[in-house]
Each structure stands twice: as structure tokens, then as C-alpha cells.
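The listed protein sequences derive, respectively, from chains A and B.
All residue numbers in the first sequence are consecutive under our numbering, ending with 231.
All residue numbers in the second sequence are consecutive under our numbering, ending with 615.
One should not assume that every hint holds.
List of simulated lysine-lysine pairs, PhoX-like, C-alpha gap at most 25 Å [stated by the list, open to error]:
no. : chain 1 : residue 1 : chain 2 : residue 2
1   : A       : LYS22     : B       : LYS299
2   : B       : LYS33     : A       : LYS153
3   : B       : LYS7      : A       : LYS98
4   : B       : LYS17     : A       : LYS98
5   : B       : LYS14     : A       : LYS180
6   : B       : LYS299    : A       : LYS139
7   : A       : LYS22     : B       : LYS5
8   : A       : LYS153    : B       : LYS7
9   : A       : LYS156    : B       : LYS33
10  : B       : LYS14     : A       : LYS98
11  : A       : LYS156    : B       : LYS14
12  : B       : LYS586    : A       : LYS180
13  : A       : LYS22     : B       : LYS490
14  : B       : LYS184    : A       : LYS98
15  : B       : LYS299    : A       : LYS180
16  : A       : LYS22     : B       : LYS31
Simulated from the structure, these hints should not be mistaken for laboratory data.
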Amino acid sequence: MLQPKNQNLRLTKYEYRLVFAKEGRARYISHLDLLRTFQRVFKRAGIPLWYTQGFNPHAYLMFPLALSLGIDSSVELLDIALTEQLPFDVLRDRVNDKMPEGLYIVSAGEPVMKHTEIAAAEYIIRLGCNCPPEEASEKLKCFLSQEKIEVEKRSKKKGVNLVDIKPHITLLSSACEDGKLVIGLRLPSGQEFNLNTNVVTDAFDAYAGGIIDTVYTRRTKILTKSGESFI
Amino acid sequence: MEEIKNKVEQLLLKTQKPARYIGGEHGSVIKDKTKVDVRFAFCFPDVYDVGMSHLGMKILYGLKNAVPNYWCERVFMPEKDFEALMRENNIPLYALESLDPIKDFDFIGFTLQYELSFTNVLEMLDLAGLPVYARDRKDLTPIVVGGGPCVCNPEPIADFFDLFILGEGEEVNLELMRLYEKMKPNNPTKTEFLREAAKIEGIYVPSFYDVAYNEDGTIAAITPNVPEAKPKIKKRVISDFDHAYYPDTFVVPFTSIVHDRVVVEVLRGCIRGCRFCQAGFIYRPFREKNIDTIAGEAKTLCEQTGYEEISLSSLSTSDHTKITELLTTLSDYTDGENINLSLPSLRIDTMSKEIVDRIAAVRKSGLTFAPEAGTQRLRDVINKNITEDEIMRTCRLAFSEGYQTVKLYFMLGLPDETDDDVAGIAELAEKVVDLYYQTPREQRGKSVQVSVSCATFVPKPFTPFEFEPQATPEQIKHKQGHLLDCIKSKKVKISYHQQNVSVLEGVLARGDRRLSEAIYCAWKKGCTLDSWDEHFRFDLWQEAFAECKTDTAFYANRRRSYDEIEPWSHLDYLVSHEFFVRENKKAHEAKTTRNCAEGCSGCGIKKECGGVYCG
Chain A
1 MLQPKNQNLR
11 LTKYEYRLVF
21 AKEGRARYIS
31 HLDLLRTFQR
41 VFKRAGIPLW
51 YTQGFNPHAY
61 LMFPLALSLG
71 IDSSVELLDI
81 ALTEQLPFDV
91 LRDRVNDKMP
101 EGLYIVSAGE
111 PVMKHTEIAA
121 AEYIIRLGCN
131 CPPEEASEKL
141 KCFLSQEKIE
151 VEKRSKKKGV
161 NLVDIKPHIT
171 LLSSACEDGK
181 LVIGLRLPSG
191 QEFNLNTNVV
201 TDAFDAYAGG
211 IIDTVYTRRT
221 KILTKSGESF
231 I
Chain B
1 MEEIKNKVEQ
11 LLLKTQKPAR
21 YIGGEHGSVI
31 KDKTKVDVRF
41 AFCFPDVYDV
51 GMSHLGMKIL
61 YGLKNAVPNY
71 WCERVFMPEK
81 DFEALMRENN
91 IPLYALESLD
101 PIKDFDFIGF
111 TLQYELSFTN
121 VLEMLDLAGL
131 PVYARDRKDL
141 TPIVVGGGPC
151 VCNPEPIADF
161 FDLFILGEGE
171 EVNLELMRLY
181 EKMKPNNPTK
191 TEFLREAAKI
201 EGIYVPSFYD
211 VAYNEDGTIA
221 AITPNVPEAK
231 PKIKKRVISD
241 FDHAYYPDTF
251 VVPFTSIVHD
261 RVVVEVLRGC
271 IRGCRFCQAG
281 FIYRPFREKN
291 IDTIAGEAKT
301 LCEQTGYEEI
311 SLSSLSTSDH
321 TKITELLTTL
331 SDYTDGENIN
341 LSLPSLRIDT
351 MSKEIVDRIA
361 AVRKSGLTFA
371 PEAGTQRLRD
381 VINKNITEDE
391 IMRTCRLAFS
401 EGYQTVKLYF
411 MLGLPDETDD
421 DVAGIAELAE
431 KVVDLYYQTP
441 REQRGKSVQV
451 SVSCATFVPK
461 PFTPFEFEPQ
471 ATPEQIKHKQ
481 GHLLDCIKSK
491 KVKISYHQQN
501 VSVLEGVLAR
511 GDRRLSEAIY
521 CAWKKGCTLD
531 SWDEHFRFDL
541 WQEAFAECKT
551 DTAFYANRRR
561 SYDEIEPWSH
571 LDYLVSHEFF
581 VRENKKAHEA
591 KTTRNCAEGC
601 SGCGIKKECG
611 GVYCG
């Protein structure tokens, strides 16, 4: 008779929340691939991961909030469980020693809040445009002062329908730097409602008549409903 | 680098699986360019997912990068979507480590694993911004080299390459790079360098040989045209295989690839001598690694890569002289580390209960066997020494362990194949189904599925069947129809390989230099990624053959006499021509030849090559 493979039952587990950065070449690692990448990093670093207790044991890893492909960040979250306790800085350094280019742990700690508390995220977006940045900035103002900003949203159940994203966009800053338009945005994130930056930039580009050549986006904060940093 | 990087980054989000085009994986080697003397672009002429799975590349990548002032980087064929974006935006083919254009490298090396990747070589040279014909690349660098199994008959693509490396690359690659490093300060011409290179054993410079043809189209003579070119070029063999270089880490990809695991090569060469199998002859002699070496390499690689699966690589793993001890040693390690051990390439006759249990402990997926032919007579013709009893014994064992799916691999169009042999495939498959129903209900699984997969036999150089005509598409069609008529059971599922692919493979495998024009023409018409069903354009290949007046039947469907000069006659893979002739005659008498472990059959390989059973 086939036995569960994980015979050494380890019921105690120690939970950790890691804050990590994903930059440079690593920004093209997809969400699914990121999971596999971290599993291998932990294996290389000899981190005693806690495995689920079934016929198909797998390491417990959980990303509370996905990051779109191609976006930089230094505030990404990863929850893991270990079979032994490790000091936070030891855990961080051992993992960083085995990371590929562009991925590193900023800090390790205990999980304090629940995933469901995540409500928003902030971004810095650098837009390279085929017009002077000042002109693009003016167009952005007009774009955001519209009464409604409707975008098509596809879903499996309802098909394609129009959604007004205007009430969800908060412009935090806008500046012209090195010939680029640099804007700060706060957008809803998390399980209830999620708005990706590219939906906003695409809508702006369509509104302005195709002025955007390049887009560099960086996530800078993950926030709760009350506006504090998620920890 | 920065320029390419910036351009590429703007395109990555428009393409499928962008992580394939940007590098940065764990284990990839980055060096300081100012401290590097020789740069080598290792090209796999297929997409990343396939190329990254290739063991030879992992070995040679590690080997070259272990030399501090050599830098070897990886290059793959882009998918059609990204290729179009690269061309639109004037991005030349670049290497994944430095993101530098490969046209500035010292060497561009292609590994030629299958004939259907030939057009990809042209595409990659063109994407790099280089002329595809060697004669049009006048400068010393980049020197375009080719290696891998297809180099045993490189003639159809000889005009595109500066030189070829015959046989195993672990020593000769470094010898070639050392020669270049030594000569480079004196600014030699390309010809001066190639003449020195031709002195190295295993190096074949095609432009140093003239080929003359008879009126009937066969070859009259292959003649060296410089003193350095040897009349026969010998392949290279690593005689001390146990101590051969093996990498201590792999490049670990972010995206999933075809073989995404630790691979340890346990043995090289094959003792079996199946007459259709090119690998079985060109990788001779049979050499193996010690158990401690294998276990050490497996452990190091798992620790360095973080992979949780090990696969043992070889032509026939169960032929390792200490297979049971090897599996015990390895599973002692893997069981404690949550690592899966997979064992491809097992032979039916050697499948002991212990091995079946070992596989079952990992995952009860399915068993795959390759009887290759439907009747004992035809299995004797091809020297696949498996009896029906052995197949049944193993399947009985498998069914009583709860296995539910059995895959059977066969070939159609084998020499001397009759309709009875084809009907034999159906009979064998149905006997396996019957066996399931004879297994006690409490032991067997819920249901049974026997999948029969039929490839078309393609005669290859350096095999006893190199003289044989390939079956024509009409003959194969008849055989397929006959097989379908013979199948009664609903539990048997039949599948075929695409017929046109085999036709093209057959022409390219035994072609000569005159084919280069047709390959060029097909590529110009847009043929690339030919091994992918969705990209394969047989109609364009047919147009190319017609325009170049290529008689495909001359290459594929003609019986060749034993004394004909073959396009590959000046290449020596150490197994003698006399042996192939002897084996071919025995095949037509349906007589088998014993394997190397049972006794030497005199294939011509010398004892000095390090074969376990030689001498």
C-alpha cells in the first residue's frame, strides 16, 4: 500500500513574513515562476521549510499580493513556514546569499496582519513620451479631471463590460525629470478590488492619442484600509 | 549591452514567456569583459525551453567558464513572435549573460542535435547580422563551429560552417580555444587559423575538402586540398569517463523548461547495438561512472541548484554494471531530502521487481516500453533483443503493482518489414490488454490503457542500416492503414508521427553538400523551427527542393551499395565500415548479434578508448 511520502510528521511550524525586492532582470519572472524560484532558493540556502503533510508534500509558500510582470518593487511580501526557528537577520542573510540577480530579501519578521487587510498600493511611474514631459503632464491633468474614466473589463461570467476607474485613482505626485514624466499613484489592491497600473497608463495613452513610448513602474508601498503600511 | 538591454526591455512584455530572453538566472556566469581573452557564444538552435534542457550545453558551459579568461554564454533561437520584434527594432542576436551581440564574439558554436534544427542555424546567423555562408565571412572572427550527433554527417550544412568538432567535446573544445588564444595576438587570417585547427584530432574543416561526383549523382571522391587536412578525421572520445569534467552547478531557469531537474550522466555509449539506432554506434564505446562519482555529482548539483528532482541520463540506465547498488545509494540520499528520483531509459529485459518497486515508490504514472517491432522475426532483424515473454513478464509485474497505462513505442518502415510484422504490433498491444484482465481484480488498477506510438524509421549514417532505402510515404500510409484495420480492442490507442517530418529528416540525414542550396532556399522562404508542428511548412520545403532540382528519393529512398562513397566516408566514428556491412547482412538473415556485455563482436573500437567491455 502506498504511504504518504512525508513520514517524519512535523506539526510545529514557525511562520515568517519576508519583504523582498524584485528588480532589473528579475522583474520578468512571472508570478508562477517566482514561486518555483523561491522554492529553489530556500533549498539551496538549506532553509528548513515546513512541508504540507499529505501524499504530495510541498513547501508552504504564500504571496499575499501578486506583482504584475515587468514592474520593479522593494516591498513585495512572501509568507513562509519553517520547522525550526531562525533569527530574522540570519534567515535574511542566508537566503540573500543564494538569490539570483535582482531578487533580495529586505527584511524578515513575524506576520502581524492578515492578508485580507491589504487594500491599496502606491507606485512611481516614469513615462517616456514622444512629446515634452510638460505637455504630457498637462494631458494627464485633463485625463484625470474627466468626469468618468471608463475601461473595458473582461470577466469569465459577464464577458466584456465598462467600468469607471476614475474614483479609484489617486494622483500623489507629478513631476518632470530627465525628459520624463514621473507620477506617483495610489491604486486599490488586494482581494476585494485590484487595479493594475497598466490599466491606468493604457487608458491615459489611449486618451492622449498614443504619446507613451516607454513605461517604468515601481511599487513603493503596500497599504491597509486605514492607510498604514501592511506588516 | 545597455543599448540592447533598453531595447529588449521595452519588448519583453509583448512576448510569451519573456524570462527566456533576458538571462539573469541563478548559475549563469557573468565575467569582467576586460579580463576575458576568448568569448564563446554557445548556440542551441531551438527555443530556450528545449535548449536549456540539453545536458551537453550544461557540461561545455561549465567546462569553458572554469577557465578564468574564457567566457562562454548561452544563445537560443527566439520564438517567431520575439524574432519579429527583434527584426522590427534592429536588435541583433545577443547572448543571455552579457546581452552583447554575438557577431562580436570570437567563437559562435552550434550544437546540432537533430536535422530539423538546420534552418534555425541559418536564421540565428542572419539574426546576428552575419552572412550565412562561411565563404562570405572573410574575417577571422567570429569562427562558426558545429558539434553534436548530426556532425557525423554535416555535409548538407557544411557550407555554412567554418569547422566541425567530431565526437565528445570535453577536451577538444579547450584545445581549440587555446590554439585561438595563442594565435590571436599575431592577427592570423581565417585560413591560417583553420589550417592550424585542422591539425587537432577531431576537427574537420569542410572547406579543406573537395567533393567530386559521378554521373549518376553518387560521390566519386572526397579529396583534401591543403596538407593539414587529414584524409580521415577521427571523432574524439573521453577514455577516462569517470574522471571527465562534470559541472557542479547548472543554470536554473525561472520559466519551466522541458527537462527541469538535476541530470547526472551515469554512463556513455551503449552495449546493445540495435541496428536502427545511431546513438548506439556513434557514442561507443560503453563507459560508466563509479557509483561514488554519480552520488557525489547528484548531491552537489541538488545543493547548488535547489532542484528537487534528479534524473539519471544515459542510453540505457539499467545496463550500468551496478544498477541496483546505484539506486540504493541514491535513494538513501533522495528519500531524506524530499527529492524525486526518475529513471528514464530502462530496458524491459532488465526490469527487476526491485526496479519496478523503486519507480512505483516515486509516482505510479505509467510504464513506457520500446519493443520497436511487432514480431520476433523483425526484432531480430533490427537486433532489438527483447522477447515477447520478457515484455509480458514485465507488464504482468506492472499490472499486479497497480499500473494502468502502458505506452509501447514502435517503428514503421523498418527494413524487410511485411504486413505480418505490422499486424504483430496490434497483436502485441492486445496481448498486453488481455494480460491486464488476467491480473487478479484485487491487485490491478481500475482500468487499462495501452498507447501505441508509431514513428517512421529513418535510416541514419553510421548504423548498419545506412545502406537501406527509407520507406516511401505511400508505403508508410499503407502500413498505417493496415495497422488500424488490425486493432480490435478499444483499450488500444494508436498515434503516429507526422509523416512529412520523417521524409525531410530522411533526406537531410544522408544528404551531401549539394543540399545546402535547398536548405538555404527553404530558409529564405521562411522555414524555421521545423521541429515544431505549428511552424513546419512541408509545402515550402517541397518548393525549395523543386527549385533546386533536388531529387529527394536519391537521398532517402535508394538502396546504397556497400562500396559506395558516402557523403560521410571521410569521417571516422571508430566503428568500422566492415562491421556495418557485416551487421547489415546479418539483419537481412534475421540473425542477432550479442551485446558487448555478452562478448565482443568486433565493431572496431579499440581498447584505448576506455570501454568497459573492450579488449
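Okay, the hints, checked on the actual structure:
Taken as a hint, the LYS22/A and LYS299/B pair is broken in the structure, with Cα atoms around 29 Å apart against an allowance of 25 Å. For the suggested pair LYS33/B and LYS153/A, the alpha carbons sit about 48 Å apart, so the restraint of at most 25 Å is broken. With a C-alpha separation of about 29 Å, the suggested pairing of LYS7/B with LYS98/A is violated against the 25 Å cut-off. With a C-alpha separation of about 24 Å, the suggested pair LYS17/B and LYS98/A falls inside the 25 Å cut-off, and the hint holds.
Taking the CA atoms of LYS14/B and LYS180/A, the gap is about 22 Å. The hint holds against a cut of 25 Å. The suggested pairing of LYS299/B with LYS139/A is violated, with an alpha-carbon distance near 59 Å, which exceeds 25 Å. Simply put, LYS22/A and LYS5/B have alpha-carbon atoms about 17 Å apart, close enough for the 25 Å limit, and the pair holds. Of the pairs offered as hints, the one joining LYS153/A and LYS7/B is violated, with about 30 Å between alpha carbons and a cut-off of 25 Å exceeded.
Under the criterion of a C-alpha separation no larger than 25 Å, the hint pairing LYS156/A with LYS33/B is inconsistent with the structure, at around 51 Å. Taken as a hint, the LYS14/B and LYS98/A pair is broken in the structure, with Cα atoms around 30 Å apart against an allowance of 25 Å. Taking the CA atoms of LYS156/A and LYS14/B, the gap is about 23 Å. The hint holds against a cut of 25 Å. Taken as a hint, the LYS586/B and LYS180/A pair is broken in the structure, with Cα atoms around 77 Å apart against an allowance of 25 Å.
Only pairs whose Cα atoms come within 25 Å are accepted, and LYS22/A paired with LYS490/B is rejected, the gap being roughly 52 Å. A C-alpha spacing of about 38 Å is found between LYS184/B and LYS98/A, which places the hinted pair above 25 Å, so the restraint is violated. Simply put, LYS299/B and LYS180/A have alpha-carbon atoms about 51 Å apart, too far for the 25 Å limit, and the pair is violated. For the hint pairing LYS22/A with LYS31/B, the CA-to-CA distance comes to about 23 Å; that is within 25 Å, so the pair holds.
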